[in-house]
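Asker: Given next are the chains, with one letter for each unit.
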Amino acid sequence: MKEKPIGLTILNVISVILLGISLYMSLVFAPVEVNMGNVQRIFYTHVSVGWLGMIGFLLALVAGILYLVTGKKRWDIIGVAGVEVGLVFCFLNIISGSVWAKATWNTWWIWEPRLITATIMELIYIAYIMLRQSIDEPDRRARFGAIYAIVGFVSVPLTFLSIRIWNTIHPVVIASGDAGADTGMNMTDNMQKAFFFALFTFTVIGVTLLWHRIRLGFLSDKIEQLKMKMVE
Amino acid sequence: MNIPDTTDFMILGFTVIFVPMIIYVISLATRYKKYKADIIYLENEE
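Note that the protein sequences, when read in sequence, are chains D and C.
Under the working numbering, residues 83 to 314 are what the first sequence spells out, in order.
Under the working numbering, residues 3 to 48 are what the second sequence spells out, in order.
Excised from the complex, chain D in its bound form (with noise of 0.2 Å):
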């Protein structure tokens, strides 16, 4: 594998200066939310971490189909990425999530539709990684991954609907004015922008961890090539 390109070095860099911008964003230049108080500071990376899970479950998804399509060994490798990236970030989605509960419902949990799914969400992808790990064969393991982060994709538009479907104590912020949603959040222009500042700026972060995490994969590959060569 080639040395680490250049555009992955200045992704780095970028990725870096903009998260310093929107925590600034975020901290500073949007005003306190008078209702909550700073807690509300929290949410513009909690939706932001949250976009970026599911960015990486689509890319599963659509990486599952490339793969049922071609054959192509990449495609797996781009899948497992996108799965592993989104996990990560849905996690911490959920984990900032209990924190502003806390702070705003007075309970770290509670059962209600977004938190439901978005925790299904979450084991069905942490038992993609736990099957793919069962599977010896790579090309069984490959086929496996494709059919079940297509299936399992599902859940990703159902955690996002559900505070649109169900009635919900969970704030509905893209088209608050939804019906089936309780409660609505209106930002100030301020609060907009750092909103769709840290929005830009997880997803540059998010393309950036995808490429490091698929260089990984492809090394992973290599390894698992050598060993069989040696084997045989």
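Hint data in this document are derived by calculation from the structure and do not stem from the laboratory.
Be aware that one or more of the hints could be misleading.
Looking from chain C toward chain D, a few residues come up when the C-beta cut is under 7 Å (computed) [unchecked claim]:
id, residue
1, 7
2, 15
3, 18
4, 41
5, 43
Even glycine gets a Cβ: it sits at the ideal position worked out from N, Cα and C.
Chain D is fixed; fit chain C onto it per the hints.
Answerer: For chain C alone, kept in the frame of chain D given last:
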């Protein structure tokens, strides 16, 4: 209007996001180094 003081929760919220994120980035770097070393070892063994 009294704004509730939820600064502690804000700090906790950012901590639970950024500490695991940093750990994940470190794990990517560590695995990369390990895999590189494994490849060199296996290629020499061939």
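Asker: Each of the hints needs a verdict: does it hold here or not?
Answerer: For each hint, the structure was consulted:
no.	hint	in the structure
1	7	holds (6 Å)
2	15	holds (3 Å)
3	18	holds (5 Å)
4	41	holds (6 Å)
5	43	violated (9 Å)
Violated hint: 5 only; the structure is consistent with all others.
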